[in-house]
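Chains as they are written, first to last, in this note's numbering: chain R, 1 to 566; chain F, 567 to 1124.
One or more of the hints may lead you astray.
Unchecked claim - Only pairs whose alpha carbons sit at most 25 Å apart, straight line, appear in this in silico DMTMM-like list of lysine to aspartate or glutamate: (1) Lys-830/F / Glu-158/R; (2) Lys-822/F / Glu-760/F; (3) Lys-881/F / Glu-857/F; (4) Lys-150/R / Glu-873/F; (5) Lys-260/R / Asp-710/F; (6) Lys-766/F / Asp-161/R.
Derived by calculation from the structure, the hints in this document are not laboratory data.
One letter stands for each residue in the lines below.
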Amino acid sequence: MIRKLRSAGSLTADLPIALAGLAIFYGFIALAHYWTAPVHAQTQIDLSPSALPRYAMFSVARIAVAYFASLIFAIAYGYIAARHARAERLMIPLLDTLQSIPVLCFLPGVMLSMVALFPTTQFGLEIGSILLIFTGQVWNMAFSFYSSLKSIPREMREAADLYRLTRWQQFMQLELPFSAIGLIWNSMMSVAGGWFSLMVCEMFVLGDRDLRLPGLGSYLQTASNAGAMGPIVWGIFTMIAVIVLLDQLVWRPAIAWSEKFKFEQVEASETPGSFVLDFLRRSRLLSRISEATIVPLREALTLHFARRHGKQRAIARSPWPARMVFFAATGAILFAMAKMAALLTKLTTPELHGILIGAGATFVRVELTLLLAALWTIPVGVYIGLKPKLAALAQPLAQIAASVPAPALFPIVLLLLIRVGGGLGIASIVLLLLGTQWYILFNVIAGASAIPADLKEVCGVFHLSEFERWRKLLLPAIFPYLVTGFVTASGGAWNASIIAEYFKFRGETFSLTGLGAVISRATDAGNFPVLVGATIMISATVVTVNRLLWRRLYRLAASKYTLELT
Amino acid sequence: MKPPKTEELHTFVTHGDSRRAAEIFARLDPEVAADAFLGLPWEDQQTLFGHLSADFAAKLVPAFPYFHAFVLLHTLPLAQMIAIVDRMNPMELANFLDELPQEAWQQLTEEIKGAGAAATLARAPEPRAREWIIEARQVEKRFDRPGGDSIQVIAPLTLSIEPGMIVAVLGPSGSGKSTLLRMLTGLAQPSAGEVLWHGKPLAGPSPGAAIVFQSFALFPWLTVIENVEVPLVARGIAHEERHQRALKTLNSVGLKGFETAYPKELSGGMKQRVGFARALAVEPEVLFMDEPFSALDVLTAENLRGELLELWLEKKIPTRSIFLVTHNIEEAVLMADRILVLGRSPATIRADFRVPLPHPRERTSAEFLLYVDYIYKLMTQPQLEARLPQPGKPAYRPLPHARPASVAGLVELIQDRGGKEDLYKIADDLRMEVDDLLPVVEAAALLQFVKSERGDVENTGAGEAFAAADIESRKTLFREAAMAHVTLLQQIMRGLETKSDHAMPLEFFRDTLQKHFSDQEAERQIDTALNWGRYAGMFAYDSETETLHFETSETRDK
């Protein structure tokens, strides 16, 4: 009976999978055709809704390519940093710094070099755009992989060493599975970040050049430049649809699948499920393809490495190649530092003032945003978190709301605010809020729902007033979660300030005093000294705030406000 | 006369010339003879002991450790044994009987009366040439500290593992048992000295070793059979053969039918079976076990021990030797043919002896309890051998990690039992592992509430007063005892007295402690000192600012 059901299920499952395969194949051909075409001086963005599916495909392809590049880079970077103590000392602080640099700061360098490399085809621009998206996605994934590798339990490592697992086998059977969950969650965040910066990455002015690539981001930006409300709404709608679709088709199955990599001793009672994953698992076509290709390939590779490993064991490897790489990297960094210093000497005094004042203004704006976000998310989050049924209902809705990239909504917000008499000052804070409040809300909900029932009962038994209840139980209990939320939100807000402080709308450029605006303007004008100076400023501020404020709060949260009694 | 060489005696015995060896012995001073005798392999000892004259044997017996003498005597026919006991000097016999635990003493007196049946012990197996699988030569382990200092965890230590034996290593927690195991397998490098496998120095993990871990260390994303296949894959064995070997091993540990289960679906005992199967699948020459039963409940652990012993005794596994690290004394006596007892900081071998009892061993038998009692005695005796003083570093006596309430509980319990009790009985009654009990006994002894001697604990006068006192006076008594005997607390109090504001940062003491202990141990020392000091109302501690200060005068003088 069960067998029959399975085979019937697999027939219905196989047909859509085969069709999807063909569609993906066609997509590849279309992309290849477009990428090798000669460069257009000025790509015209078609604002009719019928162009949207094509643009959406281009954008998804760009984000996907950037994502896979990020994944490979992140794994390589994290692996080297975790395996080599000397490299680690250099690579981890570097990662910290790179993570704090907004995508836009990379733009001129990346774009100019790519256009110079491929002057005749669209390829150069495309690669540049993909590299930009890559710079926004890669760092947190690298960090996640690195810290997963570092937290592999000692006895697991020892078992791997003792049974002489090859590097390959350790990677495939221990390291990759152990870090899978962290990598998947960070992948989701990274891709969300890709959507966030899509408008910047697909259309930009570089000195006297106006460069644009066909895609959802450039569509939205062109629409907002023209102030065309209809296309803006269509564009946002398409973007949300694509994001929700990706969530259902890619991320949910990935999360459900990664359940098996949870490092736990006992089985969890509730596990996330995904109908798409069930569908794929039932497919006979897929399992046959996998049995004919992946399984034997994996076996052959593993045995190949194991046998080679057995033979080569005696040969000691020379330390020289590693040393050469190390010296080359150090040399390159020193050279870049010297160049940068030379560039910085060209900064004029007013420009320097602009950077410093801008940093102060953006700092105030970011902190104000965090305060506003906390003011509404803490009560609402606690209220939702304390009611499990409500939480189950609100969570998916909030997730969809959070997945909409704030810059896409910006034109609408700006339009409404201008109508009621507000300016970019308020609009920028609204945009920052849209981009950051969700991190805090999700964490507060998680914190509130983790409060043990007996502690809640204690408040009831001793008749604590509402004020006392917040002071004694709720605020301390959500504190660690709140700090986590703030850290993410703070990083996100600094990044978003670049878009929020400088915006082109209906042919006008709206701009505020702020570091973000300084960077955007410098990019537009191709003013490299200011760009470098402002980038150093923003990176230094973010890293300093992290070190001085968030890390300390983190430690306090971990030592005093954890709900563990041991 | 010079003592004979062990090798020479061994040659006589193995060539059936025991009589000649016995003659050489008879001419020696009993103390010297006993030393030489104990240096022989157990099988030789048995043979030789049977050939000694009853008169000489009677002189030799008091020079042996009492438990060894007891077991050795029982290898002889009853008449011969009684003949020896009869010829013993009455004073020495009384001492010998006094040292024996009650059960052993009773058995012996009954046997001498002729009422008891003679204990049946395994006959000596064929003597064989000595061969070492592993030799550790002067291995030691130090951990470097940032300041250029280093902390010695394992003192230079020499040890050999021979085939055909289960070797158990016992020691208090933090005594470096696991580090020793990792050095023998090649997972960890010794700081000095070398580890040889079949005479060849190790470079990297030994191919002949497998480990069963306390935490199982299974890959949760692989099925049971995939987990067992992991080490076989690493050896480049193709799928079909790998699968067959894994299946065979799984069958032998009773996991048939669980091949496709994931570890998280299994109970702790079943998980550890997978751990055993993975280790046995590579057919290791030496099977290492790092507290393999500690994470399991009592019944499951007992069951698994039994099954492992069965596999071993019936030679169903090709393993030639088993090396078991444990903190459970009974487990060691139940399973091992040889027991090593390690001392602490730095680890040294305090005792290394055979357990020549036949399997299956009875936990309630006199011989069994003899060994359990002896190990308790060893572990509670203060370490006699002086630690090598390190230049510029005064010896620092560590605080035992026990809570004041546990100390009070122990003292009360002993008072209820009439002021004196056997340690292993306390451990048994309280169902406490020796690891948990020993720090409490050490703490009570440090405060001089109890005297711990030869495996017994006895309340002192101060202990009796402490047991009888009410809560408030107990704190006073505890404070007085701590001020008199605990160096760290004395230092803290003196430090606080000299400061005008009577406050000191904890960091100061942490720095001092880190000169003597590892960071982790220094932290534990601080925790224990804070715990004791706060209990006794000696000082208060503010965890936000990490400072110590005197209790305000009104609370302290009350």
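Straight-line Cα separation of Lys-150/R and Glu-873/F no greater than 25 Å? Since the Cα atoms of Lys-150/R and Glu-873/F sit roughly 37 Å apart, the hinted pair is violated (cutoff 25 Å).
Under the criterion that the straight-line Cα-Cα distance not exceed 25 Å, is the pair Lys-881/F, Glu-857/F satisfied? holds, 22 Å
With a cut-off of 25 Å on the C-alpha distance, tell me whether Lys-822/F and Glu-760/F pass. violated, 41 Å
Would the pair Lys-260/R and Asp-710/F pass a check requiring their Cα atoms to be no farther apart than 25 Å? violated, 40 Å
25 Å Cα cutoff - pair Lys-830/F, Glu-158/R: holds, 20 Å
Run the distance test for Lys-766/F versus Asp-161/R: straight-line Cα separation, threshold 25 Å. Since the Cα atoms of Lys-766/F and Asp-161/R sit roughly 20 Å apart, the hinted pair holds (cutoff 25 Å).
Consistency note: the structure conflicts with the earlier hints numbered 2, 4, 5.
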